[in-house]
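So the sequences go chain by chain: A and B.
The C-terminal residue of the first sequence carries number 1121 in our numbering, and the numbering is unbroken.
The C-terminal residue of the second sequence carries number 331 in our numbering, and the numbering is unbroken.
The set of hints was computed from the structure by calculation and includes no laboratory data.
You may find that some hints are simply not true.
Claimed, not checked - Computed footprint of chain A on chain B; a stretch qualifies when at least three of its residues, placed anywhere within it, have a C-beta under 8 Å from a C-beta of chain A: (1) 120-132; (2) 154-160; (3) 231-237; (4) 268-274; (5) 283-297; (6) 301-307.
Claimed, not checked - Take a look, some chain A residues computed to stay more than 10 Å from chain B by CB distance: (7) Q840; (8) R875; (9) D981; (10) P996; (11) K1011; (12) L1022; (13) K1030; (14) L1033.
All of these numbers come straight from a predicted model, not from anything done at the bench.
For glycine and all other residues, C-beta sits at the position ideal for the given N, C-alpha and C.
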Amino acid sequence: MSYKKLIQKNIAKKISINLFIYLITVSLLFPLFWMIMTSFKPRAEWASLPPTWIPNEPTIDNYRFVIFGKVEQYTKTHSSNIIPYLNTVFVAVISTFIAIVVGLFGAYSLTRFKAGLSKLISIIMPRMFPPMAMIIPMMIFFQVIHAIDTYWGLIIVYVGFTLPYSVFMLKGFMDSVPKEFTEAAMLDGLSEWQILYKVWLPLIKNGLMTTALFLLILNWTEYAFALTLSSRGVQTVTLALAKLFSNEAGASYGPQSALGILAAIPTIIFGIFIHKYLAYGFTFGALKK
Amino acid sequence: MLLPTNVIILFLVVVPTILVIWLSLIDFQPNIQLNFWQSKFIIFRNYIDILKDKEFVYALIRTIAISIVCLGIEFTIGLLVASILSGEVFGKKVLFPILIIPLMIPSIVVGNNFWLIFSTNGPINQIIGKILNTQFVVSWLLHPQLALIPIVLSEVWRWYPLTFLILFSGLANISVSEIRAAQIIGANEWQIFRRIKLPKLKGIIAIALVIRMMESLKIFDTIHLLTRGGPGTSTQTLSYYLFKVGFQYSRVSYISAGAWIILFISIITFSFALRGIFGKEK
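Use the sequences and the hints to build the structure in full.
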């Protein structure tokens, strides 16, 4: 094979790989594209046949409907979604924060004092089974301690069921901290708290961001616990969406999509903001250097 | 400093687990005005009944089948995209964040997405109709077998970024020099993948499998939104079955027996799996 042919072959290969990945990306983004378009469609185009790909008369009524709960064009009124939205922000952020702080201590002691495997496995246990298997005893337990339909009840559950990942992921990052750093810090007479706070924390900052995003996603998108443990007291945005969905089945494509987009935007923005860290962070401690 | 972690996990796992064992051994019906500690013990009746229940066994098999299919598709997409993106691609910096967007979308919203595109008047029917050049009308979500397609696809769509990210992190940690060396002796792409990358990715593939398996067995949100387990019980998964029988029929004791069987199976399986992955290195 001549040199020229080799180069030609190489270029052809490069172009086909690029085409392939862009094809994958476009087809993977299709559901998202469809939801965005539907959220701007007026009522007449929601279920028209054939479906319109790009709305003929774009409108923001759907957004007004899900935010304020009332739009002149729609006969039905719906409760405003501002409260469920704020509930989700509050519960998700607080529980992510608690899970990270508690997980940081847990992971630190597991790494620092070289805990055995059984301890590690016992920590990840809450993630192993479907939450639905736990919900009935949990409801009875929560009734006894008066935690049903309260913010703190939901926060405890969210913290408990994301903590395993918090510990696991953070431990993965902490394993890569060189031993010499810790030894030097100990020689300088730093306490355990100071080692964690001054030496380790700056070193695993990226890992901390990755973990925080993952936990925030899990907490933000949680549905099963919110549905069963707090559907009357603390409405979350996922719950509000499901309610919108079942109230007028088949008749509210537009508002559903609008609320869906509003519900997804904060995590998407946060994720895109820190995507650089995500690229090397998701190893769950399975990677030893 | 491990104390807070242990306390929270103890609080949320041990207490309900003891409760679930207790509940599964008694005959407790919330409709009758009787507290659960006053109900009488019937020992193993619930266990025998639920294991004879075809709906439960089918839901269990169906959940495992859905998980395996989802995992297979996710790994194919994840590995493909991860290997392409770790090479040289035009506009990599833009592609990367775009490709992981689905992970950040709540599964309820994902359910809504797939409900829209698979609706009878939706774009999927239109596209298939265009290709076949006929009027193609299928009510995907009302068909007992076809309804599984949107369910599997929505699960795959939501979670493929996670496998992609895990595999990408793994690939990024393989040193370039080894691959260069192999290229110089004339190894082709497949040989490089098979002999160099795959052995190094083993641990990471295993952890990705276990974590995804743990998550996909929980599949509930999309089912609740898309089909409600229907038509009939044809798309009912484990979580949905537990939810339906426990909350709508309020057969608390009966469902506790099922829950305990599931807890037992998953804890044993996943503990062994994790022990296998992390135990080897020491």
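Here's how the hints hold up against the structure:
no.	hint	result
1	120-132	holds (count 3)
2	154-160	holds (count 6)
3	231-237	violated (count 0)
4	268-274	holds (count 4)
5	283-297	holds (count 7)
6	301-307	holds (count 4)
7	Q840	holds, 17 Å
8	R875	holds, 14 Å
9	D981	holds, 15 Å
10	P996	violated, 8 Å
11	K1011	holds, 16 Å
12	L1022	holds, 15 Å
13	K1030	holds, 16 Å
14	L1033	holds, 14 Å
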